[in-house]
Amino acid sequence: MDRRSVIKGGLSLGLLAFLPMLANGTELTSNGQLSLPQAKDIKRVVSAGGPADLLLLALSPEKLLGYAHLKPALLQQHGFAPSLWQKPRLGRLVGRNASLSLEKLMTLDADLVVDYGNLSQNYQSMAQKVERISGVPFLLLDGSLAGTAAQLRKLGQVLGVNERADFVAKRTAEILSDAREFGRSLAEPLSFYFGRGATGLETGVTGSIHTEAIEQLGLKNVAKAGDYRGLAKVSLEQLMAWEPELIISQDPAFIHYIRQDPVWGTLAAVRNKRVYWLPNKPFGWIDSPPGINRLLGMSYLRLLLSGADEQAKQALVKDFYRDFYHSELSGEQAANLLHPA
Amino acid sequence: MNDRIKYPLAAGICLSILCFAAASGQYPLSLVQQGQALWHAIGGDVAALDSKSISVFWHLRLPRILAALMIGAGLAASGAAYQGMFRNPLVSPDILGVSAGAGLGAVLGIYLDLPVYNIQLFAFLGGLLVVALVCLLARLSRQGDPVLSLVLVGIAIGALCGAGISLMKLLADPYSQLPSITFWLMGGLSDITLEDLKSSLLPMILGLVPLMLLRWRMNLLSLADDEASSLGLNIAKTRLIFILAATLLTAAAVSIAGIIGWLGLVVPHIARLLVGADFRRLLPMSMLLGAFMLLLTDTLARTLAPIELPLGILTACIGAPFFMFLLLRGGGRGQ
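Here the protein sequences come in this chain order: S and Z.
So that you can map any letter, position 107 of the first sequence is 107 in UniProt numbering, and since no number is skipped, the others follow by simple counting.
So that you can map any letter, position 279 of the second sequence is 279 in UniProt numbering, and since no number is skipped, the others follow by simple counting.
Careful, some of the hints might be misleading.
With a straight-line cut-off of 25 angstroms between C-alpha atoms, the simulated DSS-like cross-links for lysine-lysine are [claimed, not checked]:
#1 S:K318 to S:K87
#2 S:K87 to S:K71
#3 Z:K169 to S:K281
#4 S:K318 to S:K281
#5 S:K87 to S:K281
#6 S:K220 to Z:K52
#7 S:K63 to S:K40
#8 S:K154 to S:K129
#9 S:K224 to Z:K52
#10 S:K63 to S:K154
#11 S:K154 to S:K40
#12 Z:K169 to Z:K52
#13 S:K273 to Z:K198
#14 S:K104 to S:K170
#15 Z:K198 to S:K104
#16 Z:K169 to S:K71
#17 S:K43 to S:K129
#18 S:K220 to S:K318
Here's a subset of chain S near chain Z, in silico, CB distances under 8 angstroms, partners left out [to be verified]:
#19 G50
#20 L201
#21 D227
#22 R229
#23 L303
Since the hints were derived computationally from the structure, they do not count as laboratory data.
Where is the CB? At the ideal position from N, CA and C, for every residue including glycine.
Generate the whole structure from the sequences, applying the supplied hints.
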């Protein structure tokens, strides 16, 4: 038995041990085994990162003390309700670029810390450390896109907002099932390349969180790198060999560049005008951060690929803002999001 | 080994690396097709070759090969010059903070979401500015030895730039900008375009020409300062010219390729083991070795996996064992 299977075995044993608890559904514990407070006692919640910001914003913004990643000024510029942009930016608690200190966390008098994303041992141990030192329970939720509805319901239960969670979870399930339906409707899965960075030559490889939203639509990522599932650099020559049918990006400068560059112009996707830009303000729609914002990107990309008209696109954005972000957009605001000057 | 074997052997090795680099790549393009692309360019009639292959050859593979040769030669020449000037074998091209300054410029550009061209310009200017600042401060310093004060000020300013880079990394968006910064700092030639090559050619030539023409004076600079001036050399002026030339070379290389560590430090040593310490022979040898070593490394970086491998990691993995092999073998004439 090699080391990997030992680890796998250990993990599944661990899961088995948790099964009875999940079945009961009575007692929820935080990641580091502190038992969570009663829902009515949770009034002040701190978010640990960008994806958790969005999750809490969708479910229970009144309990969220401030943002870890989202910039209030950008929220204000892009049509979010005043109660949402009038919150401070506290900084990230764990992971890369952590800037919220544990001491600050303790002065915030928080009842709960929520993180939503990677469940790796590294993040689990960081969660445990925060909990041990600060005494604030830390809830770490699995951030995979496919499991979003379940995680919404779970957090809704913890925060005592079951009804709201149920509504958002249902909308989420709808969006995901529409995406699967779209994938099945394609005779042949379309291949795509997702360009990131100023040159567009950074990409997420197949199975990475960066391209998960696009892959859920049944599209096939041309970038593959064995078991590696992260960001990578590629060359334009490699793209010439891959010859993706679609090129997708959130970077307006990159999209502008490839539409007029003769070398990129030899790619079939550029020639056939199958280059798609998705908005990146106030945060990315497909990625950056990898949260429930990606649900909007998925729906929008589906509309783009099926040639929907402008009205349908604007309606989609307005509905999403209303249902997930508690914000009513005017027609002009929706148009500005889709076509910034 | 006598010269009658040595030169053909060296030429053979270089030619095989060149062919290996030209023939390898993700896009299927044989050497024959590349010959056809060349033939096509001088007006020959090639029916079999499609326009995409021609484009891959002229705009992607050829610029990348040329860039690897140019950047490798530039970094190695600059390393050799700095090592000679400072009479210190541990010196690398970034001793006066040019890489740190370029890094800070590029990271600032990425942080501000600027287009590629501006990021490169920021990097280039950042590198030059930092070295200018270091030279200025070193002149003002009360430390008696001018070389030592240059190095000390360079280390201090380099550390400040490093702090600046860390600060930008902290402020950057961790989901989008931070990965770009990390990739830039690891170095690589995957972004190279024909335009990059054109824009960095002028500073490269401006750096290389004075180094080549004045390379005999470097032998005098490596003497003690009073001995050199007794031979009629204006030390301060000569040193300034060398610093300017080496800085231009490094800044031009780093601005389009990111930080490729290690090459400028070790290649001059390998060259010294092969041809000795005479800078007239050492400089061309370093350039040749640097060029082909980077070409070989970059070819591996772009072909070993479907994604690009970071160049900095590969230069160390290939060069360090080779360097140790030469050291343990006892070396040639120099040292």
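Structure-based check of all given hints:
For the given pair, K318 of chain S sits about 22 angstroms from K87 of chain S by alpha-carbon distance, which is consistent with the 25 angstroms threshold. Distance restraint check for K87 of chain S and K71 of chain S: the Cα-Cα separation of roughly 9 angstroms lies within the 25 angstroms cut-off, and the hinted pair is therefore satisfied. At most 25 angstroms may separate the alpha-carbon atoms for a hinted pair to count; K169 of chain Z and K281 of chain S meet this at roughly 21 angstroms. For the suggested pair K318 of chain S and K281 of chain S, the alpha carbons sit about 15 angstroms apart, so the restraint of at most 25 angstroms is met.
In summary, the hint linking K87 of chain S to K281 of chain S is supported, as the alpha carbons are separated by about 18 angstroms, within the 25 angstroms threshold. Our distance criterion of 25 angstroms between C-alpha atoms is met by K220 of chain S and K52 of chain Z, whose separation comes to about 23 angstroms. Between K63 of chain S and K40 of chain S the CA atoms are separated by roughly 11 angstroms; this keeps the pair inside 25 angstroms, and the hint holds. About 23 angstroms separates the Cα atoms of K154 of chain S and K129 of chain S, which keeps this hinted pair within 25 angstroms; it holds.
Distance check on the hinted pair: K224 of chain S and K52 of chain Z sit about 23 angstroms apart at the alpha-carbon level, within 25 angstroms; holds. For the proposed pair K63 of chain S and K154 of chain S, the alpha carbon gap of about 16 angstroms is at most 25 angstroms, so the pair holds. Between K154 of chain S and K40 of chain S the alpha-carbon distance is near 15 angstroms, which keeps this suggested pair within the 25 angstroms criterion. Restraint check for K169 of chain Z and K52 of chain Z: the C-alpha separation of about 39 angstroms exceeds 25 angstroms, so the hint is violated.
In summary, the hint linking K273 of chain S to K198 of chain Z is not supported, as the alpha carbons are separated by about 29 angstroms, beyond the 25 angstroms threshold. Taking the CA atoms of K104 of chain S and K170 of chain S, the gap is near 36 angstroms; set against the 25 angstroms cutoff, the hint is violated. For the hint linking K198 of chain Z to K104 of chain S, the alpha-carbon distance of about 51 angstroms lies beyond 25 angstroms, and the restraint is violated. Using a Cα cut-off of 25 angstroms, the hinted pair K169 of chain Z and K71 of chain S holds, with the two alpha carbons roughly 17 angstroms apart.
Distance hint between K43 of chain S and K129 of chain S is fulfilled; the C-alpha atoms sit about 22 angstroms from each other, no more than 25 angstroms. The hinted pair formed by K220 of chain S and K318 of chain S fails the criterion: a straight-line CA distance of about 29 angstroms is larger than 25 angstroms. With a cut of 8 angstroms, the hint placing G50 of chain S at the interface with chain Z holds, because the nearest CB-to-CB distance is about 6 angstroms. With a least beta-carbon distance of about 6 angstroms to chain Z, the hint placing L201 of chain S at the interface is held under the 8 angstroms criterion.
At its closest, the beta carbon of D227 of chain S sits 12 angstroms from a beta carbon of chain Z; the interface hint therefore is violated under the 8 angstroms criterion. Among the interface hints, the one on R229 of chain S is violated; its C-beta lies about 12 angstroms from the nearest C-beta in chain Z, farther than the 8 angstroms criterion. Using the Cβ-Cβ criterion of 8 angstroms, the hint placing L303 of chain S at the interface with chain Z is not satisfied: the shortest such distance is roughly 24 angstroms.
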